[in-house]
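Let the sequences and hints guide you as you build the complete structure.
There are 2 protein chains.
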Amino acid sequence: MGKLFRQDYTVTFYATDMSQQIKLSHLINHALFVSGAQAYGLGISDQAIFEEHGLVWIVTDYEIEIKRLPRFLETITIETEAVSYNKLFCYREFRVFDQAGQLLVTILATFVLMDYATRRVRPVLEELVAPFEAVYSKSSRRGAKYPDLPATSEQVRQVTYFDMDMNGHVNNSRYIDWLFDSLTLDFLQAHLPKKIAVKYAKEIHYGAEVTTAVALDGRISHHTIRTAEGICTQAMIEWESKTELY
Amino acid sequence: MGKLFRQDYTVTFYATDMSQQIKLSHLINHALFVSGAQAYGLGISDQAIFEEHGLVWIVTDYEIEIKRLPRFLETITIETEAVSYNKLFCYREFRVFDQAGQLLVTILATFVLMDYATRRVRPVLEELVAPFEAVYSKSSRRGAKYPDLPATSEQVRQVTYFDMDMNGHVNNSRYIDWLFDSLTLDFLQAHLPKKIAVKYAKEIHYGAEVTTAVALDGRISHHTIRTAEGICTQAMIEWESKTELY
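These protein sequence lines map, in sequence, to chains S and V. In terms of our numbering, the first sequence opens at residue 63 and continues consecutively. In terms of our numbering, the second sequence opens at residue 63 and continues consecutively.
These aren't lab readings, by the way, just hints derived from the structure by calculation. Using N, Cα and C, we set each Cβ at its ideal position, and we do this for glycine too. One or more hints might be untrue.
[As the list claims (entries may be wrong)] A few chain V residues facing chain S, derived, Cβ under 7 Å: (1) Q82; (2) N91; (3) F242.
Structure (structure tokens):
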């Protein structure tokens, strides 16, 4: 077991979408803020790692399970734990609870260390994970399988200034918005996301033309995000119809 | 003088852009969160106003002055004051200070009450402003003058799901991102915004095709945002070259 760290958060207006629920991209962003606060408290903040090693943490995969998305003005508790690591990958879990202690969302994130200058993945440095008390486990987690389906809809978009973050690439949470934006308003208003798997294979940089493709197959939407460089991201979302809930 | 209300805020990773400065759209969003907190404390929250009157506060104008934008991990104090109001308009000021008490940013926002169902502006209700101790002043503020210049560059974009807010239209802060995105990366990296004036004339809804046009005239960029319905927003930004600062 890694060290547990918890912080409360109250869902602001700007964190929510039209349905008064938190934007998943915002929840992910704020979860990463909480793990950043844990790292800072342990003396291994993102800034310190960058200054001392020239390394940045980047996300390669998310697996997300949603029982219920937090709502406007709701206070939630975000708990995080660096669960385990191996030579290349660090696995961190985030658990989101409501005020009654009910589990609302779990996010399993896979991180790697990237050399900021060369953009190459580097082996995990023991000294950067030891303070979290994560367990070393030689095996890698088996990621989701992304079937290759013909797209039923495609959109092209330009990467804009505010898609980027200070790591010099499109921020991982922006892709989450793009996944949702691949679907119609009618679909988004009639469904709730229950499970999401995302795999980030290639960075996307400023000026890129991005094609988001989606294939809807029953309750599951299959997504690819690609640029001229090839497929950058694959994702799957399992949806639940809102009408089934009542 | 209206009642003063203050809250501290520490600039998160996801609030910043590539330059490690706060996104202006995020600063505006968080400033509105602070005035929302003041309203909540006075028993006239946005929710209460909507439930009791079917009204929502919407922004019609911003005038922003920037001495310096807050940086990643910097703690700032956001102070807000409902300065004055007349039959239709409420004027609220936000002042952003650093930890040494230096004024970094001022935002003057003009609000009106909109009937959520009819989308029509409604006269200010005395009971909704009295708790702020704002001063009644018959005259309206003279807004900025927006000259009509031929655009030097135009972009077309689709309104997406996450551009919208729970008021059922594109959130006012998204336009701010669009203004910046109308300019090139080279320009944004070489300049700092010093003064911004924005006038919101028409709402933009889901599905609209939006054209953002910009004319760069010396230190000032002139912007229009329009849809098939006509001009929705006009804006001006005065820039300072970063090289002049050193």
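Worksheet entry | Index of numbered hints that the structure contradicts, given in increasing order | Checked against the structure, no hint fails, so every one of them is satisfied.
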